[in-house]
Structures are given as C-alpha cells and as structure tokens.
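**Student:** So the chains spell out like this:
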Amino acid sequence: MEMTRKLKQPKSIKKRRYRKAGTPPGTLEYIGEKKAETIRITYLDYDEKDMVEKQVSKIEECFPFKSTPTVTWINIDGLHDIETIEKLGNQFDLHPLMLEDILHTEQRPKIEDFEKYIFIVLRMLTYNNETQAVESEQLSIVLGQNYVISFQERVGDVFDPIRERIRNAKGRIRKMGPDYLYYSLVDAIVDNYFTILEKVGEKIELMEEELVSEPTENILQQIHSMKREMISLRRSVWPLRELISGLQRSDSALIQESTGIYLRDVYDHTIQVIDTVESFRDMVSGMLDIYLSSISNKMNAVMKVLTIIATIFIPLTFIAGVYGMNFENMPELKLWWAYPLVWIVMIVVAAIMLVFFRRKKWL
Amino acid sequence: MEMTRKLKQPKSIKKRRYRKAGTPPGTLEYIGEKKAETIRITYLDYDEKDMVEKQVSKIEECFPFKSTPTVTWINIDGLHDIETIEKLGNQFDLHPLMLEDILHTEQRPKIEDFEKYIFIVLRMLTYNNETQAVESEQLSIVLGQNYVISFQERVGDVFDPIRERIRNAKGRIRKMGPDYLYYSLVDAIVDNYFTILEKVGEKIELMEEELVSEPTENILQQIHSMKREMISLRRSVWPLRELISGLQRSDSALIQESTGIYLRDVYDHTIQVIDTVESFRDMVSGMLDIYLSSISNKMNAVMKVLTIIATIFIPLTFIAGVYGMNFENMPELKLWWAYPLVWIVMIVVAAIMLVFFRRKKWL
Amino acid sequence: MEMTRKLKQPKSIKKRRYRKAGTPPGTLEYIGEKKAETIRITYLDYDEKDMVEKQVSKIEECFPFKSTPTVTWINIDGLHDIETIEKLGNQFDLHPLMLEDILHTEQRPKIEDFEKYIFIVLRMLTYNNETQAVESEQLSIVLGQNYVISFQERVGDVFDPIRERIRNAKGRIRKMGPDYLYYSLVDAIVDNYFTILEKVGEKIELMEEELVSEPTENILQQIHSMKREMISLRRSVWPLRELISGLQRSDSALIQESTGIYLRDVYDHTIQVIDTVESFRDMVSGMLDIYLSSISNKMNAVMKVLTIIATIFIPLTFIAGVYGMNFENMPELKLWWAYPLVWIVMIVVAAIMLVFFRRKKWL
Amino acid sequence: MEMTRKLKQPKSIKKRRYRKAGTPPGTLEYIGEKKAETIRITYLDYDEKDMVEKQVSKIEECFPFKSTPTVTWINIDGLHDIETIEKLGNQFDLHPLMLEDILHTEQRPKIEDFEKYIFIVLRMLTYNNETQAVESEQLSIVLGQNYVISFQERVGDVFDPIRERIRNAKGRIRKMGPDYLYYSLVDAIVDNYFTILEKVGEKIELMEEELVSEPTENILQQIHSMKREMISLRRSVWPLRELISGLQRSDSALIQESTGIYLRDVYDHTIQVIDTVESFRDMVSGMLDIYLSSISNKMNAVMKVLTIIATIFIPLTFIAGVYGMNFENMPELKLWWAYPLVWIVMIVVAAIMLVFFRRKKWL
Amino acid sequence: MEMTRKLKQPKSIKKRRYRKAGTPPGTLEYIGEKKAETIRITYLDYDEKDMVEKQVSKIEECFPFKSTPTVTWINIDGLHDIETIEKLGNQFDLHPLMLEDILHTEQRPKIEDFEKYIFIVLRMLTYNNETQAVESEQLSIVLGQNYVISFQERVGDVFDPIRERIRNAKGRIRKMGPDYLYYSLVDAIVDNYFTILEKVGEKIELMEEELVSEPTENILQQIHSMKREMISLRRSVWPLRELISGLQRSDSALIQESTGIYLRDVYDHTIQVIDTVESFRDMVSGMLDIYLSSISNKMNAVMKVLTIIATIFIPLTFIAGVYGMNFENMPELKLWWAYPLVWIVMIVVAAIMLVFFRRKKWL
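Chains as they are written, first to last, in the working numbering: chain A, 2 to 364; chain B, 2 to 364; chain C, 2 to 364; chain D, 2 to 364; chain E, 2 to 364.
FYI, nobody ran anything at the bench for these hints, they're computed from the structure.
Take the hints with a grain of salt, since some may be wrong.
The list that follows gives simulated cross-link-like pairs (lysine to any residue, SDA-like), each with its CA atoms no further than 20 Å apart [what the hints assert, rightly or not]:
1) D:Lys-200 - D:Met-300
2) A:Lys-59 - A:Asp-78
3) A:Lys-200 - A:Arg-173
4) D:Lys-55 - D:Arg-175
5) C:Lys-299 - D:Asn-129
6) A:Lys-299 - E:Lys-362
7) A:Lys-361 - B:Ser-294
8) B:Lys-335 - C:Lys-55
9) B:Lys-305 - C:Ser-297
10) C:Lys-305 - E:Ile-296
11) B:Lys-361 - D:Met-300
12) B:Lys-362 - C:Leu-45
13) C:Lys-171 - C:Val-156
Could you build all of it, start to finish, from the sequences and the hints given here?
**Tutor:** Here it is, written out as structure tokens:
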C-alpha cells in the first residue's frame, strides 16, 4: 500500500520545502514524497460520437492528440519521472516555470492564464479511515485548445464518475468542449470536499460527546490536532475561492460563455465549503473553552470536598487533642459528665458547619 | 406532527451534505429530511380587480398562468416530489442548476439573475417553543415576468398576512406588479427575524439572570449551545445583506424603479437584524467571562474558609499534641497553672491570626 | 417625571422589535415606550431680519410655512399621536416608509436622500445622573427646500443654545439657509456626545481606582454592565460616521457648497467620538484582565499562608504524636533529656522550613 | 517648570472635552491646560541670501511678511491669548473653524486643504524622564503661499536643528520654498518619534527583565499602564499615515513636485514608526501572558510542597494517633518489638510516597 | 568571527533607531552595528559571450561600467565606509535619500521607482545554528539601465549559485538583461526564506514534542521567544508581498515584459512564505494554550492526591484522637471489643470514601 502524507502530523512541517535556493528557475526536480512506484499514463479521447480510452506506456503516444479536433484528457499519475513530464512539456509548449510548479507538490492552490492554456493547481483531499486523518495530494490541470492534461501524485482519484459519464455519454459532457471537462474536474474536487467535511464533522461530534460525558486529558491533544487539521483544510480551501472566481472572470478564449453558469455553481459550493470549515473552526475553539472550564469545575468540586472534610474535622481533632494532654491539673477530666459533653460540643460544632456550608451552596 | 431540524443540534453537521461527488451537474435529487408527507401546491392569481386562490393537485393546472397578464403566485410546500418540480421547471424554462439548488436544502442564502427570471434562496426561521430552539427551512423564490414561484420545505410559513392583504386588497399590493409581491415575501421573512430575535433575546436574558443569581455547571452547556445557535443565525443572516443589496443594484427589467425604495427599507432592516445578532454574540461571550470569573471567585471563597480554619487550628492542635506526649521528664505537666496558661496561649494565638486575616480582608 | 429607557438594562433587548411581520409597508404605528403624555409642536420661523417662535396645538398651523421663503424649523416632541404625523406627512409629501421609520424608535442611525428632502435618523443621548446610565432617544430630522422638521420622542433636548442663537441672531445662523440649521442640529448632537463621554470617562476612572484599591466581586458586575454600555454607545456612534460622510458627499441641491466645510468639521468630531469610545472599550477590557489577575494573586496569597502554616506544623504535630503513643517499650520516654531534645528538633525543623520558604520568596 | 499632561494618567480622560455643546461653530475658546504663562511669538524670514530672526511682542509685527517674496516662518508658543490668534487669523484669512481646531488641543492628527493654505494638526511627543511617561502637545502648522505658521502649546520643541540649518544655510533649506520648510517640520516630528520609541523600548526591556527575574504584583500595574501608553501612542501615530499620504497625493499648488520625494521618505518613516508601535503592543501583550502563567506556575509549586508534606505526614500522624488511644485492651502496646515496628512501617509508608511523587515528577 | 544581530533578543529594540532628529534629509551616516572590518567591492561584468569577475580596492574602478553595453553587477559588502558609497552615488546619479536608506539598516522592505533606476530594500535572513536564532541583514539593490548594484551589511550571502550560473553560463542568465539578474537576486532571497522556515519548523516541532512529553517552565520562555521571532519574521516577509507586486505592476522601461512571468513566480513563492509564517504563528499560539492547560491539569492531579489522602485520614485521625482523651469516665475504653471495633469503623469509613472517590472518577 502506498504511503501518504498526513495533514495533521507535525512531520509535514519539515516537508514544506522548495527548490534549492539559487538553482535557475524552471529547473525540473521532483519535490515531495515518492508516492507511487511507476507513473501511469492514460488518455480519454472523445467527441459526441466516439470515445477511446487507453493506458499507454510512453508519453509519446499522446502527442498526436494535440492537433486532433476531438477532446482529449491525458491523465498522469506519479510525478517522479521528470523525463516524461519534460517531453510532454516540450510537445505541448508548456512553460518551464509551470512544469516546476507541477513537480513541487506543496503549491498553494492557484490559477495562471498562459493565453494558449490555463493552468490551475489545487489540492485533492482523501480521508484515511485508519488514521482518521485528512490526507492531501496536489492536482495540476492544464486546459488547452482541445485537450485537458491532469497531473496527480499517485493513482486513485475522485474522477471515476466523470470517466463513467464520458464512457456512457451520460449528461451533456460528450456534447461539450474541453472547458466543460475542465469544469467537471474542478467540480468533482469541490464536491469531494463535502464528503471529507462530513467525515470531519462526524469526528468533531464524537469528540463533543466525549467532551461532555467524560473530559479526559487525551481530548485536549485531540482538540489541538483537530485545530491543526482545520488550519490545513483552510489553506487548501481558501485560495480556491480566488482561483474559481479567477476562472469565472477570465476572458480567455478557452472558456466558452455557456460554461460560466457552471463555474458560478462551483463558486457557490466553494463558498459553502469555506463556510463549513469556518463553522468547524468555531466549534473546535468552543470545545477548548468547554474543556478548560470543565477542568476548572472539576477542580472546584475537589476543593469543596477537601474543604468540607477538613474544616469539619480539624476543630474536632483539636478538641480531642486538648483532652489528650497529660497535665496533672485538668479538673474537667474527673467530671463524669465531661466526656458526654465533649461529644455534644463536637456534634454541635459539626452541625453548625454543615449548616454554614449548605447556606453557601457548597453541599 | 412533522419533524423539524434543530439548528443547535450537533446532528445537523452530518446533514450538511451535497450532491454525490461526480453526478452530472443539474441532476435532480432531493437532499434533506423529508419534512412533509405530500406536497401541496397552491396558487393566487390577481390583478387590481379580481383574485383567484386555489389549491391544486397537479402542477399542470398552474401552467396557463405563465402567459396571462395577471400576477400569479405559485407556492409549493414539500420538495421531495422531484417529478412535479421537473415539470414546472420545463414549463417555466427554469435552469437545471437552479432546480438543483431548490432541492438541496442546505444552500447559503444567495441571489442569481437569469435575465428571464431572478432566483433567490434564503432561510425561513421558526422558534420551536417546546425545544426553545430556532429551526430553519429553505425558501426559494423565483420572480418571472408576471409570476412568482416559491418553494418551501413544508407547510406553514410567515406569509399569511400577505395572503390576507391580497385577498382583501389591503395596502397597495393588488395595484402593484410581481416585483412588489416578491419584495413583500422577502420583507415578511426579514420582519419575522425580529420576532425570532426577540425570543432569543428573552432566552439570553433568562440565562443572564440565572447566571447572576446562581451559576451552575448546567449554564455553561447552555452558553455553549447558545453560541452555536448564534453561529447558525449569523450564517442565515449575513449573506442576506449581500442578497438584498444585489436585488437593489440589479438593473433587471423585472424590478421596477418604484420598488427600489422598498428594497432599501428591507436592506435597513437586514442591517438592524445583523446588528442585533452581533450584539447577542457579544453578550453571550460576555456571559462566558462572567461565568468563568464567578467560578474563580467561588473557588477563592472556598479556599479562604479552608485556610482560615486550618491555619487557626493546626498550630493549636500542635500545642495540644506536645502536652499529650508521654515523656517522664516534662516538668510543666505538674505545674497547676500550666493547663490554664496553655488555654490562654492558644486563645491568644487564635486571636492574632484572626486579626491578621481581618487585616488581609479575608474575613 | 417621565420614564426613560436605560441603555444598559437587559430589558432593552425585548424592546428591539419592529412592525408586526406582514403588515403592509408604510403602515403607521408607534413602536416604543410612550415617553410623553401629550405631543408638543413648536415652530421657529426666521430670516435675516425677523423671527417668530410659537407653540401650536394643531399641526395645521405649521402648514403655511411650506411655501414661505423664510427658514422654518418645526419641532415635534412625542411620537404617539399618529394622526398628527400623518397629516404633516401628507402636507409635506413625506414618504410613508420614512414616516414609519420616524415612529419605530429603534432605528439604526442612517441617512436617506429623497431628492425633495433629506432624511436622517440618529440617537440623542442623555446621562441620567441618578441611575448613572446613558439613556437614548431617537431623533429624526427632515431637511426640505426651506424648512427643517425634527421629531423627538419626548420634551427636552440639546438644542437650546441653537434656539438662543436664532432668537438673538448670534453667530451666522440667521443669515444662512435651512441646511446650516440642519448642520447645527447634527453638530449639537455630536458635541453632546463629548459631554456624555466625559461622564462615562469619569465613571470608568472611579471604577479603575476602586479596582486597584479594593477589587470586590461587585466590580465584575460593573465592568460587565460597562461593557454593554460600550456596545450600545458604539451602535449609536459608528453609523454616524457613514451618515455624516453621506451628507458630505451628497450632491443634493438642498445643501449649499459653503456648508461643506462645516460638515467636514462635524465629521472630524465624529471620528474623535468613535476614537474615544474605542479607547474606553480597550480600557474596560483591560480592567477585566486586571480584575482576573488580582483575583488570581489573592488566591495565591491565601494559598501561601495555608501552605506555610500547614507545612511547618504538620511534621511537628507528627513528632508530638509519636511520643504520645502508649507503647510500653519506648525507652526514649524515660531519658531526662529526651523532652528538651524533641523541642530542639522541632525548632530546627521549623527553622529549616522557614529558610526554605524565604529562599522560594514565599515570605 | 511648566506642568505637562501625562499620557498615561487616567486624569486625561476627563480632559478629552470639546467646545461647549451648542456654541456657534468657529467660536474661539482655548480648551486645554494653560501650559505657559505668556505667549511667545518669533519669526524667521529668509531667502537664499539673507536671514532675519526675531522675537516680537505684538503679532502685528509679523503681518508685513504676508506679501514679501521671502519665506517666513512664524511660530507661536502658547495658545491661551485668543485675541492674538484672532488677529493673526483675520490678517492671514484663516478660516474660523481652523482657528477653533488650533485652540482645541485634543484634536486627532489631520490635514485640511483650504486651497489658499494647507492646515495640519499633529502631536509632538516628549519623554518625561522623571515620570518616565510620554507627554504630548498639539502642534498645528499652516502652509501658505510664502509663509509657514506653527502653533504650539508651550515653549520648547524639536525644531532647533531646523532653525540651526536655516541660520547657517546648512543643507538645501535656504534654497527651497516654504513647502520644504513645511516638510522639514513634519520630518522633525516623525524623527523625534523614533527617539521616543527608543526610550519606550528601553522601558519595555527593563520590564521584561524584571518579569523574568522576579514577577511581582507591581509589574501587573506597570504592564497595564504600558498598555494604555501604547493606546495613546497609537492614537497619535496612526492618523499620521493618512495625513502624510494626504499631503503626498494633494495636487495643491502650494507643494512643488520636487518635494514629493521627501514626503515619500517621511511616509516610509511613519510606516516604520507604526510598525514599531505595533511590535511593542505585541510585546506588552505577550508580557501579560508570561506574567499570568508565571503566577500560575508559582501557585503550582506552592501546592506541590503543601501536598507532599501533607500527604506524607497525615497518614503517619494517623498511625501515631492510633497508638495514642487509651483502650485497655490493646495487646500491641505490650509487645517489645511493636514500637520499632511502627517506626519501620512509618518509614516505609513515607518512602513509598516519595517514590510515587518522584515518579509523578513532583519532586 | 563577525558579530551578528539576533532577531529574537530584546536588545534589538534599542537599536531600532533612525537618523538623529533634525539633521537635514539625505545626510549620510551609517546607522547599525559595524558588522565587517573593511568593505569589500566586487564586480561581475558579462554578456552572452564574455564574463569578467574581479575584487577591486577602489570604487572608482567600477565607474567605467556605467556606460558599457554589458550587464554589470557591482556588489558592496560593508556599509560603514560612507565616502565610498557617496562617490558611487555621485557617479551613478543616485538620490541622497536613497543612499540614506541604504545606510540606515533598519529599513522596512520597500520599493522605490526613480525612473532612471529602481531601488529595493529587503532583509536577507540567516539561521545561526549556534544560537538557534534567525539573524537578518539589510540588502539594498539598485537596478539601472545596464547595471545592478547590491549593498550588503557584511560578507557572505545567498547569491553564490547565481554567481556560479553566470560564470558557467548555466541557465539563461547570460542571455538576459540586468532585470533578469535583478529578479534572480530577489528570487534567491525568497528561496532562502524557505530554508530558514524549514529550520524554524524543525525547532517548533522539537518544542512540541518536548511540550507533550514533559512541559517545563523553561518551555514557556521558549514559546515566548519563538513568538517574538515570528513577529520579526512577519515584519521581514509581509512587506515583500507588496514590494514584489510593485515590481510586477511597475511599467518601468527597465523591466522587460518577458521578466513578468518570473516575477509572478517569485510572487507566488512570497505568498507561500507568508502562509507558512502564519501557520507557524498559529502553531506557536496553540502551544501556549496546550502548555497552560497542561499546567492546569497537573495542578488538578496534585490537588486530587492531596484531597484523597487528607479526606481519608483526617476523620480517622479524629477518631483516634477521641480515644486518646484522658477523661476518667470513658466506659468504652474498658470494653475488650472496643479497640477492634474502632479499627473496623475506621476501615469502613475509609472504604466508603474510596468508593465515593471512585464514583467521582477521581481515582
């Protein structure tokens, strides 16, 4: 099974690195964990009537599609084979700086319009049920005249329903151009965020229930790690807003006017995702407050018990101590009613204190 | 009685879902709790002279009104009958993405101008007196050339006074076009927010009184749940501002200039609602501070009592202990005035401590 | 004496209501406490040469002034006589929505430009020396071609110096148009805010002195109520900024260019008022911090005394307890120097502890 | 020695007053402490070749300079002689509202462009080494066609180096117009802020050292007063940014294009001053956090000592107490090895506890 | 070894000074620590074919390059030799205010466009492995028609890879103009920030691990110093965003259009750096929360042990005390089963308490 980077782990800090200072810009070098053994290249070529889907072993097989009028979607899983990506870049006239961005897998989501093609980078999230952590990988998508090229860090994505729709000519996707495919990919990513957020929401709920029923020290650790997960989520999600509104406002010839309404729809979903992330953040912050004050309450309860026991028995013990002294001249000791009287005094003292505590609402 | 979603319940997190990732955009599917058994379709058709009101069983009965010059208000309660909504959409040329938004009942309030009609989504709030929680349902309203179509999740709304005004030709509503009806619906929603806020305000006040008179652990839970209710309210109310100012600025031919002043009025009310929600938030935050420091004060009081009792009696008990020792050579024990002297010493020690405590203002 | 609404009282929350949901817009209904028995109508009509001031019993007496070239200031104290206000509205062509705003006395300060007249709503503050609370009432002012109409909730305002200036032709007010009168009224309101803030400042100072000299639980309540007063003040003051800059930027024919510089002056004052309110808020927040840490310090002091007394005497009491045991075989008990030695041991133990505490700076 | 207003003192709140509500705008009245006995008028008249400097007793002596082609700098120290200022105002055509601003010494820094002259108000700071507080006075500067007039609250300012440069024709000041003089004055004020901030920075450092080495209750008071000083500093400094960028953007004929680059320089310095003030604020806030947690740590340490001593000796004392009982039937008392055994038991119990505490890292 | 300024040390506050108030603008004076003994001047002159690199002893040797068509990079390490800088300034027509900025080494990063050249100031960071602190020095770069001049505080920088690329004609640098060199320097600086951030990230991680495993008082100090380091980093990094976007938007003839895409790339990196710094800030804040609540938890644990021991033994000790009294009339003392009974009573009391504590989850 492939190794995945966990968003919530402190280790990830060290990884946030970039091209070695001073290397010329556009130097291609893969920065990130190697998440796959071999790279996998597939293409999907379609128009309204026909559809061809194929996994190829050499990138050169995809080159002819550059000039065919059909829509072609080339997908590359695995980024460590720099040579392949370089060849592809040369063939499709992709800018070296853009190829660099594709290979450096800690990019902030962004859009760049190179006139001949539009380039976006965003993060694809997956929820690891085992570690209960959100994992992320970088997805870069290039939209050209009649092609879409997507770069993923590893095999496995959220695009299977789209492939299904292309294969079965379901919905309008086969009738539309590459910009609609482009939109569909972004839409699938954003829709997937809802699934992730649902899972995160369930986790938050579980934590809340635990917090209310039995606040342990362990939960503090969990709240903290949840907070960091929220920071990571935010970093993936916030720039998306700008990105999609950039796509919307772009007057690029590559995006047809009819796609505008679909982009508006994705934009609304993005806002909703951001809203939900913000709500979650508020909830997690609120949990910390609750935790701290429940700790405080507990301590209060402990103190009260100590105080009640101590304040009742300390004076009584003193009285007992007095009549345990060995002075020769202690006339009380000889009186037959002195011992019962001491008992009565002690009971009265204790009773007065209990009344006092009850009045103070400590009992 | 129908089940309603409670804003304040953690359960609601799980529900914040969206169309399954990857289904083609515009796929109609009802997302939300089924809040009504059957859907109910009513229409109100009027001009300055006549008025017809009817509940119909088939949506097709409403179709002729699309082209009549009278103003028609079609209202649909219950969203789970997708077929009906699809037929309506086809007849009135409504965009599939818009129909999708109507059916997905966790939309953020928003406005969309489709030229031929204007579409808004907002949240209608109700206060459940039993659970003392604010509940919400989604309301979608479409304004066309000479019709208004409203979609509600369930029967029961805040529009009865408007219906009454139409029936009795009260106010100017019968003389005005569909845009005035549109405005009236939004206005009724916003006015209803004031009613809800009044109830929430009363609840906050009750909590404050309880907090001051007797801060229990229970109130912390209440403050927290109130905080979440505020987050929910904010989410319903904030986007409204943008929505209404969008309506105002819209240069759509569907909105007559004379309606502008009314929209400005609703806008002012929305600002006031937002202001009030923000004030409530501040108050609830302040309550947490008060709660925490009253806890702290209580603990202080407890500690003081413990300290006073302990510090007075611990030294006295020590003195008593000394003269309880069984050494043979303890000449004091034989002196007749030793026992009274010990009493005097103990009383003096206690008195000095009491004076010290009083000087420190602990008593 | 008339009843006044206290800004700081929780009761005010309930009052923040609006027209009943669903009544047609422009329905006139007085919303607010009835603060005066009868309404009082006065007018002041003047030009550079002459001046007439009169209290009238019927609003109709003011109607002729609509068309005279002199400047007329009509002032109405008390808003519950809806009929009067309606008549006035009809005569002066005032918009029903505006009349509604005048009667609903919980408006947020705002400006509306109706071309033929400019309408502003703001809050007039008074400091109630008895309750030491800031009270507020709504003031609505209409500026027309050659008249100014002001609506107050009750008799008594901050405009007497302006009346005096008109009567005695002091300053330039008699030579200027109604826009200068308009400015003068707003200016008087803002200047009055400084007086109020001075009073509030004195109260804050008193609280600070009390906080430093003797922090009681009572002061927490005061800080909290001060915080709410600040929230209220902010709500009255912040919108003013926008309002006055709206007046400034307005290209209405009703405001002469020469008045611009005066408006800039009021604007500066408003900024200063806002600045001061913000400073006060910071101070009040700082007071809470101080209070909490002084509580914490006090608790620390209490704990230290307890610890010192307890840790010194507990071991000593143990030693005494040991030699209070009744074992037959306790050879120490028979040694003549054992008792003095025990005393020496006890003194040494106590001394070591005192040194330890002193080193720890607990003494 | 003259009395100065201390920024950090609560008293200053009361002083933040303004013209009496209702007096006509432009009424000249000095609002502020009288900081000087007599007013002092000096002028400096220069061009590239000649320079005249003189202290005059009557303001009328400065009037001729209004129309000479040389650059004239009139400086007035002391603002309580209203008559003088009024005369000057009349002669130089200064607007009454501006004169009012000069006299009301609690102005927020601002700029006003009256076409014929530009008016700015700002605060000149001085550091009182005795009270270790930052003091401030209001400085108003008017830039006219060929003159600069400056108004100060009292004798003594930061302009001596500028005077020196004029006298000795050092730098380019004698070759430039009044706008360069104007810039030089503002520049001197801003440069002086750095000196003040250095002093404040040293004070903060001293506090930090004290805080780390020995946090006393006194330091809390100091942190609080430092916080207020920061609020005051911010109020003096923030508006400056807007003021200078106002000067920069102004297309007034009074400011020559060549001065623009100098203004940009002052602007950069202002940003740097603001940055430093913000850093200081962060530091002071951080100090409060440190203080509070060091208090908390101290309490913890105290509690641990109490707990260790108490938990070790309380059980031992109980054991001793048991064998201090006077029951006749206590066979243990007669066994010769019972007493040593009790000692062993007690030592073992104490040892177990010490091990437990060490494991818990409390020792 | 040369002395370096530590960002995190309070001492740095004192150093934030500026030109002495009142000296004429443009006065050259070195403000900062003298970080190098002698200044070092080197130049690199190149075009596509040739390359000359030389260290010179007199600045005059660089003067001829002003008019040659080749690209010349003059680098000066050490700023205290004012004469040299003045000569250079005269020769290259550099503005005195700009020279002043170069010498005052506490500038905020900024850009200034003097038409004939573009000037930027930024901070070069280095990580001192010994003190584990981030150190910074000021770097000023001037871009002219065919030259770039850089000013550093001391020998040693992050530009060696760039020099290598020029020497070996690696990448496109030898084919491009001075603007590309300019970009390369800025790019190297920003790339170096990632290296620094990686180191800081590792440090934060170490602190987090320590915090979780064993929170000592020492870590509080570390968190605080880390917080200050973050403030410093932010001050270096935030203005960079504006600076680079200023370069991007600049329509200066000195920057060719083809360089635009590279600047966009640096801009993206800057945003990423800022993002990372903000994340670090959030993490450090979170650490403080964790620290405080772990302190609180620890105290709670201590209190619980105290309470359990004390509440169990205090009543038992009381019972023992009672039967240690010496009254003559205490019939229980004579009963043979009284002593075992007392033991049973004591054990039962202790057991009840243990059950109570377990139910309360204190054990």
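**Student:** Can you list which hints this structure breaks, lowest number first?
**Tutor:** When the structure is compared with the hints, numbers 1, 3, 5, 8, 12 and 13 turn out to be violated.
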